[in-house]
Every structure is written in C-alpha cells, then in structure tokens.
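This is what each chain is made of:
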Amino acid sequence: MNLVRRLVRWSIAAYAVLACTNDPYPSTDAPVKVLYRPFDEAPKTLDPAVAYTTTAHDISGLVNATLLEYHYLKRPYVLVPGLARAVPTAELRGAQTVYRFELLSDLIYQDDACFGAHHGGARTRPVTARDVEFELMRIADPEVNSPALEPFAHVVDLLAFRQRLTALRAADPAVAVLPVPEQYARARRIAGVAVTSDTVLELALAEPYPQILYWFTMPFTAPMPWEAVAFYDGQEGRPHLADHPVGAGPYRIVEYDKQSRIVLERNDNWHGARHPEWRAPGTVFPVDVPAEDLGVTVPNTTPGAPLPFIERVELRREKERIPAFNKFLQGYYDASGIVKESFDKVVQNDRLSPEMSERGIALRKSVEPAIYYVGFNMDDRVLGAPGGNRAQRLRQAMSLAIDAEEYLRLFLNGRGVPAQSLLPPGIFGFEPAYRNPYRTPDLPRAKRLLAEAGYPGGIDPATGAPLRLTFDTGDTSAEGRLNYTYYINSWRRLGIDVELQATSYNRFQEKMREGGFQIFNWGWVADYPDPENFMFLLWSKMSRKANNGPNTANYSDPGFDALFLRMKAMESGPKRLSIIREMRRRLEEDCPWIPMFYPEQYSLYHGWLHNVKPFGMSTPQAKYYDLDPALRAERRRVWNRPVLWPAFLALGLLLALVAPGIATFFRERQ
Amino acid sequence: MQAILEHHWFSNAVVAALLLGSVALSVFVHRNELWRGAARELGRRRPVALGVLAVYVGIGLADSVAWVDGRMQGEDVVSAHQPRSAVERAFGGRPEKTYSRPFAGAELYGTPPRPLAFPGRHPLGTDILGRDTLLLTLRGVRVALLVGGLTSLIAIPLALLFGVSAGYFGRRVDDVVFFVMSTLASIPGILLLIALVMALGQGTLQVCLALAVTSWVSFCRIARGETMKLRELDYVHAARLMGVSEVGIVWRHVLPNLMHLVVITFVLMFSGQVLVEAVLAWLGIGAAGSWGQMIAQAKDELSREPVVYWNVLAAGAGMFVLLLAINSVGDAIRDILDPRTRRERE
Chain A
63 MNLVRRLVRW
73 SIAAYAVLAC
83 TNDPYPSTDA
93 PVKVLYRPFD
103 EAPKTLDPAV
113 AYTTTAHDIS
123 GLVNATLLEY
133 HYLKRPYVLV
143 PGLARAVPTA
153 ELRGAQTVYR
163 FELLSDLIYQ
173 DDACFGAHHG
183 GARTRPVTAR
193 DVEFELMRIA
203 DPEVNSPALE
213 PFAHVVDLLA
223 FRQRLTALRA
233 ADPAVAVLPV
243 PEQYARARRI
253 AGVAVTSDTV
263 LELALAEPYP
273 QILYWFTMPF
283 TAPMPWEAVA
293 FYDGQEGRPH
303 LADHPVGAGP
313 YRIVEYDKQS
323 RIVLERNDNW
333 HGARHPEWRA
343 PGTVFPVDVP
353 AEDLGVTVPN
363 TTPGAPLPFI
373 ERVELRREKE
383 RIPAFNKFLQ
393 GYYDASGIVK
403 ESFDKVVQND
413 RLSPEMSERG
423 IALRKSVEPA
433 IYYVGFNMDD
443 RVLGAPGGNR
453 AQRLRQAMSL
463 AIDAEEYLRL
473 FLNGRGVPAQ
483 SLLPPGIFGF
493 EPAYRNPYRT
503 PDLPRAKRLL
513 AEAGYPGGID
523 PATGAPLRLT
533 FDTGDTSAEG
543 RLNYTYYINS
553 WRRLGIDVEL
563 QATSYNRFQE
573 KMREGGFQIF
583 NWGWVADYPD
593 PENFMFLLWS
603 KMSRKANNGP
613 NTANYSDPGF
623 DALFLRMKAM
633 ESGPKRLSII
643 REMRRRLEED
653 CPWIPMFYPE
663 QYSLYHGWLH
673 NVKPFGMSTP
683 QAKYYDLDPA
693 LRAERRRVWN
703 RPVLWPAFLA
713 LGLLLALVAP
723 GIATFFRERQ
Chain B
89 MQAILEHHWF
99 SNAVVAALLL
109 GSVALSVFVH
119 RNELWRGAAR
129 ELGRRRPVAL
139 GVLAVYVGIG
149 LADSVAWVDG
159 RMQGEDVVSA
169 HQPRSAVERA
179 FGGRPEKTYS
189 RPFAGAELYG
199 TPPRPLAFPG
209 RHPLGTDILG
219 RDTLLLTLRG
229 VRVALLVGGL
239 TSLIAIPLAL
249 LFGVSAGYFG
259 RRVDDVVFFV
269 MSTLASIPGI
279 LLLIALVMAL
289 GQGTLQVCLA
299 LAVTSWVSFC
309 RIARGETMKL
319 RELDYVHAAR
329 LMGVSEVGIV
339 WRHVLPNLMH
349 LVVITFVLMF
359 SGQVLVEAVL
369 AWLGIGAAGS
379 WGQMIAQAKD
389 ELSREPVVYW
399 NVLAAGAGMF
409 VLLLAINSVG
419 DAIRDILDPR
429 TRRERE
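Going line by line, the protein sequences match chains A and B. Here the first sequence is numbered in this note's numbering, starting from 63 and rising by one per residue. Here the second sequence is numbered in this note's numbering, starting from 89 and rising by one per residue.
Derived from the structure by calculation, the hints contain no laboratory data. Treat each hint with caution, since some may be false.
Only part of the chain B face toward chain A is listed, based on derived beta-carbon distances under 8 Å [unchecked claim]:
#1 N120
#2 E121
#3 G377
Straight-line alpha carbon distances no greater than 30 Å define the calculated DSBU-like cross-link-like pairs of lysine-lysine that follow [as the list claims (entries may be wrong)]:
#4 K317(B) <-> K402(A)
#5 K106(A) <-> K317(B)
#6 K675(A) <-> K136(A)
#7 K317(B) <-> K427(A)
#8 K317(B) <-> K381(A)
#9 K407(A) <-> K185(B)
#10 K185(B) <-> K402(A)
#11 K387(B) <-> K389(A)
One-sided excerpt, in silico: chain B residues whose CB lies under 7 Å from chain A [claimed, not checked]:
#12 M160
#13 Q161
#14 P190
#15 Q294
#16 Q381
#17 A384
#18 D388
#19 S391
#20 R392
#21 E393
#22 V395
As the structure is a computational prediction, the values presented were derived from the model and not from experiment. Idealized CB from N, CA, C, for every residue including glycine.
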C-alpha cells in the first residue's frame, strides 16, 4: 500500500514539474505594461556625475531629469527644454559667454528617505537651481573624479574652485570630514555659476563653447539633492550614492540588484505626471513632426499623449548574448540586437527573414554617431610626421589597401557604412556625396604611392626586406586575432610586413600613453551630436602622449588646430561647413587615420512594442515607448507551448524498466 | 635570441639535427639488446599508432623545413620574400575571400554566394578569412609537436636534475627542492600559466617555457622517490665503498635506472601539454597557429546559421588522432619497460 501511495505522490510531483512553464516572470505581471530589457555588464556606479557607461546611462538617464533633452523624433538632433523653460542662447557679457537657464517652477524630487533625515520626515523637496550648481561643483570636485570635467573647464573659476577645494582639504584634515555642501561653501562658490533665484542659474564661460549645452542633456548635470550625497554614504546599512540615485526623472528605482535584476517604476513626482496640463516638451509625445518624417509608425492616439506609457522597466542581467537573443525570440525581452551567429537566419537580402516577419518582429536600422578607425602614431619616425612626405605617401598607400566594405561583410555581417571621413551621418558636416580619395580600395595606386614613399614593392631600402611595421592591440582573443589578420593580409598585398603585437589591455593602454607603437585601431562614440566631438580627436592639445587626451595618433597640425578652434566656437551654418571641409581636406591628405566604418545598429522589436525610434546615443528613451501587454501575453503563450512528448516518452521508458521489478517484488511477497 | 630562434635556418638546422639524432638513436637501440627488444615489441604491439605518429612527425618536419624562392603566394607580395615550408608550398596558395564548405564551388554566405577562386579545391573548406582549413590543420601538427616535445624536453631534465639531487643528496638539498615543489604545487596551475605567459610574452617558445615551469613538479616527485630507493641498493653502496664519486654513481647507476620512467613520462607529458595548450588558446594566450587557436577562433561558428563545423572538426580530429596514437604508444611503452609488468609477462 505504501508503494502505491509513493507512486501516486511521485506522479503528482511529475505532473507538477511538467505543468511548469519557461516564463521567467510572475503571471500577475502579464497584463501590466512592463518593458523587459537585458543588460550584460553590471553598472559600476549610478552617481550621475560619474556614470559614463551605456548600461549606467540607461538607468540613471531615466531617474535623473536633465535641464535639456533631445527631440525624440527629429534628425539631425535638435535640443528641446527638459527641466528648463527654454533652451538658452549665448549672451556675450564682456569677454564671457553667458547661458541663462530658467527652471520650471514646482519641480520636486522622487520620494526618498534621504529628505526625511534633514527635513523632519519629509519624503521629498523642490528642485532648485542650487541643486544644479551643487552638481557642477561635484563635477569639479577631485574626489568625485567626474569624467565630465574637461568640457566644464570652460566655466569661469571652475578649475580654480577645484584647486581651492583641494588646498582646503590638504591644509585642514578636519574640513575633509565635514558635510560636502559645507566643504564646497568654505572653498567659495564657483564665480562662473551664478544662482540668482530658486529657478535661475547663469553659467559664464571664459570663451565661446556652444557645445556646453549638449552636456546639459546628460545625467552629469542633472540637479542633485545634497541630502542624497550626505545620506547615501555606505554607513550604518545605508547604500552608497553609486547604488542609490535620487532624481526628478520619469522613473525611480524600486529594486537594485546590479548583478541580476534592476526594476524602475513610474515616478509620480515627475513634473510630466504632476502637471500634464503644462504639456511641456519631453512630457508629451511630440506632435510637431509630420507623419512622413517620423521614421517610426505610431498609433493615432500617441502624438500629444502624456508620457510615460510604460509603467515599469525591468532589466535582467544576461552575461551571454545568445541566451539573451533566444529569450527575445521566446518573447521574454521586448527588443534586441542581432547576434552575429544568427544574423543570416534573421536578415536575408538586407531584409527581415520571412520567419521573423511572420512572428510580427520589426527590424530597424540606424547608423550610429560613431566611428571605428585604424590610426598611425604620428610621432613615429617611419609612419609619422618625422618621416615627412615619405611617411605621408606610406600612410596613403596603406589606406588604399584596406577595403572597409569587405571587412564589414566578413566580420559584422555588413552592419556598418564604410567611412570616408571622421564625421558620421547625423553629425553636422557629414556629406553623403563626399568621397575620400584615399578610401576607395585601389591596389595599383597604393603600390605607386608606396614606390613614391621609397618602398618599391614594399621593400625597405635600409634592410633590403619588406618594410616591417607593428600593429598594437589589447585584444588577445582568438577572434580578435582574425580581425587583425584581415588588416595584415591586406597590407601584405602591398609588400608591407605588419606584425601583430597583442598584449593585455593595461599594457596596450600603457603603450598608447607612452607613444611606443606604430599602428592601432580604436573607435569613438559621440557624446553629443556636434562635429567638435569628433574633430577634437585630432586636435594637438588632446594628444595622448603629451596630455593624455584622446588624440591617440598624436596628430599635430597647426593649420588644423587653428581651423578647429574657429569651428569649435561657431554655430552650425555654411561658414562652419566650409571650415569643416577644409579640415577634412587636410586630414585626407595627411591621413593620420584610416577611417574604417560607422557602425550600423540593427534592432529587432516585437510587434507589441510601439513608438521605438533608434536613437544612436546613450540617452534612454523608454518614456516614449508603449506596448500592448495582451498581445505579448498571447504571443508568448503560442511561442512557448511546452513540448511534452519527450517527457512522456522518458516516463514510459522508465515505467517499462521499473514495471518488471515491481511485478517481481509483488510476486516474491506472495 | 628570439630572432635567431625564429629564423628559418635555425628551424632547418633543428630538423637536420633531429634527423641525425634519430639515426644515432636507432643505431643505439639496434646495438643495445634491452632497447632493441623493447622497440621490436612496441612495433609488434602498436603498428598502426606508430604509423600514424610517423605521418605526424613527417608532416611536422616537412613544415619545419622552409626556404625563400621569390615566388608570391596568391596576391601576398611579402610571401615572396619570406621562407615558406614544404607543407605551405604543397597545400597553400589557394586563398579565398571567406567561408566555404568542403569541396564547395561558392562561398557559404551571400545571396547569391560568390563563386570561389579555386572551386572544389578545398577538401576541408575555408575559414572566415578564406584560408584553406586543410593547410591550417596540417600546420597545427608542427605546433602541437613543438609544444608537446619542447615542453617535455625542458621539463623532464629540470625534474631529473632537482628530483635526483634531492633524492640522492637528501638533507638541505632535499629540503630546498621539496619546498620549491610544494610551493609550485600549491599554486593553481592555470593561474600560474596565465601569469607566466603574460610575463614572458606570447609566442610558441614562451608558451613552452611556461608549460614546462608548471609541469616538472610531478615527475620531480617520482624521480626523487625512485632515487631515494636506488641510493640504498647494494651495488650503489659497493660503488661508494670502491671510491666512485657521487656524480659518477648518479650518472652510471641512478640515471640509467630512471630511463624507463623518463620515456613513459615523456609520452604522457607530451599529450598532456598539447591539451593544456588548447586551454591556453581558448583563453587567448596559446601558441600561434595551434589547433587550440583554431578551435577558439571557430567556437562561435557552431552557433552560426548555417553552421560552420569544418574548422572545429578538422582541428579537433587532428588533435584527437595525435593524442590517441601517443597515448596508445605510451601505454604500450609503459607495459614493455615497467619491470613489474615485464616480470609478469616473463
């Protein structure tokens, strides 16, 4: 009898197991508008003054509202007001350029415990211009170590404030333990940041720098309550500010386990939620773009509707790309990129495959404002400026030998646009018709240039053997080696023998800093959509060797520098374009880089996700998205029907094996 | 030093030395009754495995003999000025643009796929850069033999030196050697390997050195124990009483009695090192051109659609057959040379 009871129990347990689904989410969430997204790398910090990775911006950009934003639909990118009433214009006051930001009134932060500790149990408090000033001081603070310091160095007295603060802390250790706002007050406020009322802040720049406005679209400059900095110090069980951002954005974090799951919910204190009647830009879906220019299909009810549509954003960590992509195909993530390995299954003839189309999946392609390039060390005596005209011809020849289109086809499934200059599409100065005379593969011409450089057939007269160069990389992986072998093989066709030197990434960085290299490759993703953000990569003041800047090629051309300084301070227009053309001409002749490609993002979206327009830059746009949870639940059910026959077959086989034993057992007992 | 080691004349000289050495070894084996019998027994027991090994060694040697002839391989201008091995000359010179299936006439991807420059001429297909997989697999033989052979040739003398010294002289020498062995044995092998390769730099020789440093300890323990046993034997005491020097005793009475262990360890260590190198290649720090590197480069290809299986399969098969043959021969050698199993047979 015992045995029969056991068998019944086991059968119930087996049925329970078989009745399980593969749905990783609770069934109660099915009717809710939850946006599910994967993330691969745990964010190191969400402190808006410090965070600079894509994942971190994906989160902190939703929590922290900024003074300015980008128009969601317009391209080229257009600035619109965020927390500010209007996008400020430059005002010349003597030698200074002043921007006057006026904040909207009646802005408040998300509910948070940090306010209660300082304001008698209050859950929130108003956002003021002082909070923006406080964040700018944090950018200047050497202990915060903000990566945004360089652009804000244009602010009058900001660097001096930094020095005063450092000196104060060094002179009196007691100052360093005071609350941060007190320390800042003792170091005297930044003269270039004037707060004239609770809602008005004036920013004075020592020289014209129109690009500063773009930095006000990023979380670096979002208003920061000093209470959060004081409260979230990692003491007495409180988290660090890096793990607990406090902002005035459309969402707030309700669960933060950065190794596995991050959940954000709508922030009811966001001004868009409290004052939908304002219809402020960035709080309603834009209506000022004609339907034919939207670049995305949106439901009729969407334009002008208040944001956000999504109630919750849930990010789950997926360390591996392929499982994340498979979960997208099962409907458990709403959007995805395309893993290289499945590209040919998903995209055929540059269009979505019939299999994917049948599932209602949409493919959106967008060229990112980024560039990948091969660079030469311009300090090198063979390849760089010391080599004079010979080196210039050599660089031009090497550029002509590289076929970017073929590279894209082999390694990126064609996902990219071969680059002709360093300015990608979407950036002022990009001209689709422009052709760089050294970027169309032409082997015979490359060989002629190489002979003019003094290396006929690639032979170095000094050694009588093929010219030997080195290509440095910090990628030691086997796949990486294949990439570099492509370049090396291309140059071998000219007769140049390039040796790959793959080292650890730290050693590679060290070599780049010391200038002990000849060829390297790297990429750059725009911080903001302005040509200055690309051209500065070759500005001599940004030389990596001299100033540890991003000009890794150590390119230095006084003519280019002069043009850069003029272009940098100008508003976009015909004059600026003509300067950019001249800069481009100089670069194409000097060839300090081989511009390779502008990466193209292929994104997949399920049919239930609406209003998605690829944005390019790492500014989260989830507040504009909408989704249909009923359709999602239905599709998930259809796509994830359990295949039970193998389990039943296994059970049958098991019974067939066990049954004779049971029969023998009973027979022997009788 | 590195330049000399990488020069093709050095490689050619090593091949010549190896050939001469093998002739000398065969003469020695032929003259020595014990070894002659063992060789005959080995040939009788494992003819196929020995044949396979001979083929591998032949390919490895053919790939080590290189010369410059001023002729280009495909469009590769540099190849006209660089030495190319006999294997490269026989199987190279048919580059394509990208992947193609075994014996295919067109590339794997693309709509429509582009025709190959050498249709039907790639028995094992081509990789992402259009390189012939058969050629890459054959070139992996030399690297495998080099990694297995060179590492064993560095590690075994090192282990013998320390093991015999510790076992024979004992006391302080034993304490020091045992301390070093214990220290090395307590460090996770793979971490030590990664650290050494990072410190020494990437290259076949460096990988061999790192593998040797991490693999001599186990044989050193065996050599030490065996020497401790041998030094107490009557004929060793007799030799000492007759005034034979300590070095002389080690040379004439201890080392010859360890030779069977050396041969067995060499064979087992050889196959082990080839496998460990594959792990290092997976981590991105293996020897250039190894099968491990081929597998690491092709690991994502198995999840492609359509699947690209031929690179992993070719490298895996190359490694599997070599290791199977070596282990099979090693097993037979152990049976033949081990005094206990030999007594049982007799």
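Tested hints:
no.	hint	verdict
1	N120	45 Å, violated
2	E121	50 Å, violated
3	G377	10 Å, violated
4	K317(B) <-> K402(A)	61 Å, violated
5	K106(A) <-> K317(B)	59 Å, violated
6	K675(A) <-> K136(A)	10 Å, holds
7	K317(B) <-> K427(A)	75 Å, violated
8	K317(B) <-> K381(A)	54 Å, violated
9	K407(A) <-> K185(B)	21 Å, holds
10	K185(B) <-> K402(A)	18 Å, holds
11	K387(B) <-> K389(A)	21 Å, holds
12	M160	9 Å, violated
13	Q161	10 Å, violated
14	P190	19 Å, violated
15	Q294	13 Å, violated
16	Q381	5 Å, holds
17	A384	3 Å, holds
18	D388	6 Å, holds
19	S391	4 Å, holds
20	R392	5 Å, holds
21	E393	4 Å, holds
22	V395	9 Å, violated
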